[in-house]
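Given the structure of chain A, go ahead and fit chain B onto it with the hints provided.
In case you want the letters, here they are:
2 protein chains.
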Amino acid sequence: MSMNYRSSIASVQAVALDDENNSLVILDQTLLPNEKKYISLSEQKDIWEAIYSLRVRGAPAIGIAAAYGAYLGIKASKASAYGDLLKDFTEVKNYLASSRPTAVNLFWALNRMELRLKMEKGKSADEIKSALKDEAESIRKEDEEVCKAIGKFGLTLLKPGWGILTHCNAGTIATSRYGTALAPVYLGEELGYNFKVFADETRPLLQGARLTAWELKEAGIDVTLICDNMASIIMKEGKIQAVLVGCDRVAANGDTANKIGTSGVAVLAKYYGIPFYVCAPMSTIDLNCNTGRDIHIELRPDDEITEKWYSRRMAPEGVKVYNPCFDVTDNQLITAIITQKGIIYPPFSDNLASLFKEQDTLGKEKIVE
Amino acid sequence: MSMNYRSSIASVQAVALDDENNSLVILDQTLLPNEKKYISLSEQKDIWEAIYSLRVRGAPAIGIAAAYGAYLGIKASKASAYGDLLKDFTEVKNYLASSRPTAVNLFWALNRMELRLKMEKGKSADEIKSALKDEAESIRKEDEEVCKAIGKFGLTLLKPGWGILTHCNAGTIATSRYGTALAPVYLGEELGYNFKVFADETRPLLQGARLTAWELKEAGIDVTLICDNMASIIMKEGKIQAVLVGCDRVAANGDTANKIGTSGVAVLAKYYGIPFYVCAPMSTIDLNCNTGRDIHIELRPDDEITEKWYSRRMAPEGVKVYNPCFDVTDNQLITAIITQKGIIYPPFSDNLASLFKEQDTLGKEKIVE
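First to last, the protein sequences are chains A and B. Residue numbers for the first sequence, in the working numbering: 1 to 369. Residue numbers for the second sequence, in the working numbering: 1 to 369.
Chain A on its own, in the form it takes in the complex:
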């Protein structure tokens, strides 16, 4: 098979369909940053395992993998009658959905595939399979369009040569391509902006060290790795002109949940007078959630801090540990929220609400309906 990995500076693609060989091709992210290896998955159980074991990760990338996986599952079906096809599809869907029960995008993508199948009722099995392939490809393509639009809007806020700090990984390997927070970086680099990117290592899971530093280096972008506690000194030393982060959920008032440590970076940016931008696909903006206080913060296992990655335990046996997965950044710390529909400035409550009243053709939130 051939994949056009080098069609842009966002050179690494996390997920692709190899239809000819009935398989899903993914970059095995558990091997990063030490090995760049694509694996070809043709069995449903292998696709399930890849999602379960975080070989593919990042909400958009998981959704795309699940959509392709569902298509490959139904493609292999011997059924010809609609009812039998639907039965087989439901089995595939439920199986893939069980791979990572907390990943919202997984369900969103599988439900969208199911909806498409139902819309094709009355067509032949081959026509239905072809439609499901189209649907999966649309999910991937729309995600790339969202990322690219965020990148273009974001880029208008940046100047060539700027130092940019990012936290965690909201990059090309978490999405179809380009990423969210890193999309402006990749698009700028295509124009020769020569950004100097600083990546927080992002304890405890080290997504910044393992993934962000890796994918930016792979794309030939100037990237420097720091520990999370070094963000203050690099800002003070004048190395940073803008902060770009992704997000998991934006409340109606602009409060933003993202990887643990994001709110600290935002406080520092405010103190040092550096703009702090949240890159948010419309799908992450939740107008039903009033403020950050309504966002539940998941606590993760202690051993992620005390043992994981290490060759020996690094904290005393039995010590208490607090390991929240996310934190909430106050809306007053956010300079602007960059969506695929445009840049949203304060007051966020008004401006986010207006955004959803507008009719627009871009973005998956329209297409899902």
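Hint data in this document are derived by calculation from the structure and do not stem from the laboratory. Keep in mind that the hints are not guaranteed to be accurate.
One copy or any two copies: either way a pair holds, since identical chains are not told apart in the list.
[Stated by the list, open to error] Calculated cross-link-like contacts (lysine to any residue; reagent style SDA-like; alpha-carbon spacing at most 20 Å): (1) Lys270 / Asp134; (2) Lys78 / Glu137; (3) Lys36 / Ala125; (4) Lys320 / Glu218; (5) Lys308 / Leu31; (6) Lys75 / Thr90; (7) Lys320 / Tyr193; (8) Lys123 / Ser23; (9) Lys270 / Asp330; (10) Lys320 / Gly163; (11) Lys320 / Asn194; (12) Lys196 / Gly318; (13) Lys78 / Asn22; (14) Lys141 / Ser23.
Chain B in isolation, oriented as in the chain A frame:
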């Protein structure tokens, strides 16, 4: 030998003299947090190695170890004439001084021992050896008095039940006993204050996880370990009422150099309205250094971030890394500086200068003269 490890709640003593057995007893801090092991060092080369390999660490503890080491070295001397004793002492001094050439306290302690030897000229070899033992004991005792005084002043700023955040390790095992930043915690605990201490793990060397969490847990104090990037969320959640940190150097205007990440914690404390206290022995206050801009920041090796402690490399091969060892906290972020002579409030330039004009009996800066 017997050591009175449990004479106070600051139960762990990093360094002690076992004169009966002609040896220095140290807690081997390289084995923490997994093993609490005291080792007995009777050979000069073993004392040298213990300082070199960071088995004993923390400026005051290193000074005390060197002073005891110099005493044990001269105690073993067969010389009887003053000139011969001085010659043997100089050899011991130069040898121990080479163990960690950047540790200022090492030289300070060895010079003080040499001065004492010279003051004893004319006395018998036994009398000189006894005087050097007294001098080493004084260095240890004075350090404990400094720590205890900082603890007492610091404690007046804290209330029972408070949540206290600390960064790095400025605790009992870095000093004779009590520590600097942790001295108010230990003294409060002796009074039943029941503080809830949060320890930043302090990347990349993890002194918070390995040392601070260990020594507080060992003393039975309520301690919770967090990643450095979680300081913001615990402050936001109301878990922290005061921040206590140590320092490496305080400039004349109050700007303070301390372990990397300290300035970020100070910015967060300011934003969340939490007092930020620097615990500083007078010996760390440098009136010849005008501001933080005059403090040189040492850069450390890349592999401390990319490889150290890990079972495999956690960042891409060849990635750029920025690894400053310290950062400088702006004086405007510091609520007060706690010294053994009292609590210094802004304006620091005036109040630090006044402090040095006062005559006082407490603190080593007097006694060195």
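Could you work out which of the previously given hints the structure breaks and list their numbers from low to high?
1, 2, 3, 8
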